[in-house]
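Chains A and B are the protein sequences, given in the same order.
Using this note's numbering, the first residue of the first sequence is number 1, and each one after it goes up by one.
Using this note's numbering, the first residue of the second sequence is number 1, and each one after it goes up by one.
These are calculated hints, taken from the structure and not from any lab test.
Don't be surprised by glycine CBs; every beta carbon is placed ideally from N, CA and C.
Don't take every hint at face value.
[What the hints assert, rightly or not] Each computed EDC-like pair below joins lysine to aspartate or glutamate, with the alpha-carbon atoms no more than 20 Å apart:
id: 1; chain 1: A; residue 1: Lys119; chain 2: B; residue 2: Asp17
id: 2; chain 1: B; residue 1: Lys103; chain 2: A; residue 2: Asp76
id: 3; chain 1: A; residue 1: Lys43; chain 2: B; residue 2: Glu105
id: 4; chain 1: B; residue 1: Lys42; chain 2: A; residue 2: Asp75
id: 5; chain 1: A; residue 1: Lys119; chain 2: B; residue 2: Asp1
id: 6; chain 1: B; residue 1: Lys42; chain 2: A; residue 2: Asp115
id: 7; chain 1: B; residue 1: Lys42; chain 2: A; residue 2: Glu1
id: 8; chain 1: A; residue 1: Lys119; chain 2: A; residue 2: Glu64
id: 9; chain 1: A; residue 1: Lys43; chain 2: B; residue 2: Asp70
id: 10; chain 1: A; residue 1: Lys78; chain 2: A; residue 2: Glu31
id: 11; chain 1: A; residue 1: Lys79; chain 2: A; residue 2: Glu13
id: 12; chain 1: A; residue 1: Lys67; chain 2: B; residue 2: Glu105
id: 13; chain 1: A; residue 1: Lys78; chain 2: A; residue 2: Glu46
[To be verified] Some chain A residues flagged as far from chain B (calculated, every beta-carbon gap over 10 Å):
id: 14; residue: Ser28
id: 15; residue: Glu31
id: 16; residue: Gly68
id: 17; residue: Asp76
id: 18; residue: Asn104
id: 19; residue: Val125
id: 20; residue: Ser126
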Amino acid sequence: EVQLVESGGGLVEPGGSLRLSCAVSGLSFTEAWMSWVRQAPGKGLEWVGRIKSKLGGGTVDYAESLKGRFTISRDDSKKTLFLQMISLKSEDTAVYYCSWIRRNGPPDNYYYYMDAWGKGTTVTVSS
Amino acid sequence: DIQMTQSPSSLSASVGDRVTITCRASQNINTYLNWYQQRPGKAPDLLIYGASSLRSGVPSRFSGSGSGTDFTLTISSLQPEDFATYYCQQSYTTPRTFGQGTKVEIK
Numbered sequence: 001e002v003q004l005v006e007s008g009g010g011l012v013e014p015g016g017s018l019r020l021s022c023a024v025s026g027l028s029f030t031e032a033w034m035s036w037v038r039q040a041p042g043k044g045l046e047w048v049g050r051i052k053s054k055l056g057g058g059t060v061d062y063a064e065s066l067k068g069r070f071t072i073s074r075d076d077s078k079k080t081l082f083l084q085m086i087s088l089k090s091e092d093t094a095v096y097y098c099s100w101i102r103r104n105g106p107p108d109n110y111y112y113y114m115d116a117w118g119k120g121t122t123v124t125v126s127s
Numbered sequence: 001d002i003q004m005t006q007s008p009s010s011l012s013a014s015v016g017d018r019v020t021i022t023c024r025a026s027q028n029i030n031t032y033l034n035w036y037q038q039r040p041g042k043a044p045d046l047l048i049y050g051a052s053s054l055r056s057g058v059p060s061r062f063s064g065s066g067s068g069t070d071f072t073l074t075i076s077s078l079q080p081e082d083f084a085t086y087y088c089q090q091s092y093t094t095p096r097t098f099g100q101g102t103k104v105e106i107k
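Let the sequences and hints guide you as you build the complete structure.
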C-alpha cells in the first residue's frame, strides 16, 4: 500500500521560511514522480509543482506565481520529498499535500495523474 | 497557463439523481484530463484519468467523457457518499491546473 506522510507544517510569521517533508513508502521512490498541491482555507486545489525521478531527468516545474520562493527537492536514499518555502506571505496559508504521480500508457503518450495523496500538513502564515 | 473552468460551482441533488459536471479547458488538451473527488476534511482522491478511464476500485456509477476542450463527469445514481467537491485537472502541460471545483450538496 502506498503511503505518503507530510510533516513540517506550523505557524510562521510573514517573511519567514518553512520546509515541509513527505515520507513515502509502498512504492519505488527512486522511480517516482512526485508533486505538491495546496489548498487555502475554503478554497480549491492549487498545483504547486512537480519533480521527476532522477532517471526521468530530475526536472522540477513550478506554478509560475511561486517560482523563486518555493523549491521542491528529493532525497531518494530517505524516500522523502521536500518543499522549501521562503519569504512566506499570508496567502501561502494552506493545507499542503504531497502526491505520487502515476504514469499510464505507452511512453510516447503517457497519462499522468495523482494516484496517491498524503493527509496534508497545515501551514499558517500570520504575525 | 491553461485555464480550467467547471460548471456549475455547486449543485443540490437527491440520492438517486443523475448528476453531470462539466469542465472546459482554455485550449485543446486532447484527453489529458483527470477528475478528483474531495470529501470535507480529506485529501483528494482520483476518480478518472485520461478523460474516461475509471480508476480501479471506483464505482461504475462514475463516468467521464470528452476530448479537446469540453469534458463531463457523470454520476449515474447519486449515493450518500458522493456528496463532495469534484475537481478536474489537466495533465497536458505544466502547470497542471485545476478547475475551481464543483460542490455537490444534498437537496
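Evaluation of the provided hints:
{"no.": "1", "hint": "Lys119(A) / Asp17(B)", "verdict": "30 Å, violated"}
{"no.": "2", "hint": "Lys103(B) / Asp76(A)", "verdict": "38 Å, violated"}
{"no.": "3", "hint": "Lys43(A) / Glu105(B)", "verdict": "16 Å, holds"}
{"no.": "4", "hint": "Lys42(B) / Asp75(A)", "verdict": "27 Å, violated"}
{"no.": "5", "hint": "Lys119(A) / Asp1(B)", "verdict": "27 Å, violated"}
{"no.": "6", "hint": "Lys42(B) / Asp115(A)", "verdict": "15 Å, holds"}
{"no.": "7", "hint": "Lys42(B) / Glu1(A)", "verdict": "18 Å, holds"}
{"no.": "8", "hint": "Lys119(A) / Glu64(A)", "verdict": "25 Å, violated"}
{"no.": "9", "hint": "Lys43(A) / Asp70(B)", "verdict": "23 Å, violated"}
{"no.": "10", "hint": "Lys78(A) / Glu31(A)", "verdict": "13 Å, holds"}
{"no.": "11", "hint": "Lys79(A) / Glu13(A)", "verdict": "29 Å, violated"}
{"no.": "12", "hint": "Lys67(A) / Glu105(B)", "verdict": "36 Å, violated"}
{"no.": "13", "hint": "Lys78(A) / Glu46(A)", "verdict": "27 Å, violated"}
{"no.": "14", "hint": "Ser28", "verdict": "19 Å, holds"}
{"no.": "15", "hint": "Glu31", "verdict": "18 Å, holds"}
{"no.": "16", "hint": "Gly68", "verdict": "15 Å, holds"}
{"no.": "17", "hint": "Asp76", "verdict": "22 Å, holds"}
{"no.": "18", "hint": "Asn104", "verdict": "7 Å, violated"}
{"no.": "19", "hint": "Val125", "verdict": "21 Å, holds"}
{"no.": "20", "hint": "Ser126", "verdict": "21 Å, holds"}
Of the hints listed earlier, those the structure fails to meet are numbers 1, 2, 4, 5, 8, 9, 11, 12, 13 and 18, in rising order.
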